[in-house]
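Start from the sequences and build out the full structure, keeping to the hints where you can.
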Amino acid sequence: MQPWPWYVSGALIALIMFIMLFFGKSFGFSSNLRTLCTMCGADKYAPFFQFDWKTQSWNLFFLIGAGLGGYLAANFLSPQDYTVAISESTIADLGALGFSAPEGFVPASQFGSEAMGETKNIIILALGGLMVGFGARYAGGCTSGHAISGISNLQPASLLAVVGFFIGGLLMTHVLFPLIY
Amino acid sequence: MKNIKFLIAGTLFGIIMFKSEAASWYRIQEMFRFQSIHMFGIIGLAVGIGIPMVALIKKTKMKDFTGGPIVFHPKAWSIPRYLIGGTIFGLGWALSGACPGPIVVNFGAGFVGYLVVLAFALLGTFTYGLVRNKLPH
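Quick mapping for you: the protein sequence lines, in order, are chains A and E.
For the first sequence, the residue numbers in this note's numbering are 1 to 181.
For the second sequence, the residue numbers in this note's numbering are 1001 to 1137.
If you are wondering where the hints come from, they were derived from the structure by calculation, not from laboratory data.
You may find that some hints are simply not true.
[To be verified] If we take Cβ atoms under 7 Å as the criterion, some of the chain A residues that face chain E in the derived model are: (1) Pro3; (2) Met17; (3) Ser30; (4) Ala66; (5) Pro79; (6) Ile123; (7) Leu125; (8) Gly129; (9) Ala136; (10) Gln155; (11) Leu160; (12) Met172.
None of these values were measured; they are calculated from a predicted model.
Every residue, glycine too, gets a C-beta built ideally from N, C-alpha and C.
As structure tokens, this is what we get:
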């Protein structure tokens, strides 16, 4: 199966939001990280984690589904030698930073098993994860909770959060990437 | 099992994130370089449908599947919280090439590096919980 065009994907994401609202919940992924912290015993260290995590178990099922969906899509719904067809200009920009032309879904040099022994790469992955986890909770949501759900509800706070997402993303891509790679 | 429906919705979400390539590090780079409509089209259309959808749910007082009201919980306004928190999130989004949903989708797809990203995202959330009283909100 070929990748789906943006107009199919965008409509389906709106459908996911509707399904979650119809099920009496909301579409927001990153609160799962807080729930997982509580399950791991974080409630002993900070009041932020003191809540009954079982009330959020529905969202953990959504999280498990997301992983399962990734597994199914990668293994059964995509061609073997599948490569993401990004624009020529992005390939050129990434090439100037030392990235080879796309092979597969994500760069194997960063996310493949062969890259797990490289210290610099692990530091990059660790810092990326730390900022995603810290920033999502500080901002009270991530792409699903703010950019999709929050803006659909016309919340000014969510619009500001998305402005922040882009300030950070542009800073990383255009200022920090040339220093890192 | 009342949670099975969320497992199915999540599975559908994971397939969409992969098949739309919204979970691809390459697409996130392309987005932050403004070199394709792809990601903007996805998010823009989702919101373009989402805004009238939410308005219609409110106007018609639509009920959820149990017959209860569909309620929205808008976030209280603040500048530092969303601007600083959002910026930190954006730095991480571009560096790891994935926001929280796609981190899990990528791990499911077999890219082990995202297990490292996920572990540190949990550590980041934990760190926020420890220091949140000292941060401007």
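Hints, one by one, checked against the model:
1. Checking Pro3 of chain A against chain E: minimum C-beta separation of about 5 Å stays under 7 Å; hint holds.
2. Given the 7 Å rule on beta carbons, the hint for Met17 of chain A holds: about 6 Å separates it from the nearest Cβ of chain E.
3. This hint holds: Ser30 of chain A has a C-beta 4 Å from the nearest C-beta of chain E, less than the 7 Å allowed.
4. Annotation: interface hint on Ala66 of chain A holds; nearest CB of chain E at approximately 4 Å, less than 7 Å.
5. The interface hint given for Pro79 of chain A is broken, as the beta carbon of that residue sits about 12 Å from the closest beta carbon of chain E, more than 7 Å.
6. Hint on Ile123 of chain A is violated. Least Cβ distance to chain E is approximately 10 Å, over the 7 Å limit.
7. A least Cβ separation of about 4 Å between Leu125 of chain A and chain E falls short of the 7 Å threshold, and the interface hint therefore holds.
8. For Gly129 of chain A, the interface hint holds, the least distance from its beta-carbon to any beta-carbon of chain E being 3 Å, beneath 7 Å.
9. The interface hint given for Ala136 of chain A holds, since its Cβ lies 5 Å from the closest Cβ of chain E, which is under the 7 Å cut-off.
10. Interface restraint check: Gln155 of chain A against chain E, minimum CB-CB distance 5 Å, threshold 7 Å, status holds.
11. At its closest, the beta carbon of Leu160 of chain A sits 4 Å from a beta carbon of chain E; the interface hint therefore holds under the 7 Å criterion.
12. The beta carbon of Met172 of chain A is positioned within 7 Å of a beta carbon in chain E (closest approach about 4 Å), and the interface hint is therefore held.
Checked against the numbered hints above, the structure breaks hints 5 and 6 and satisfies the rest.
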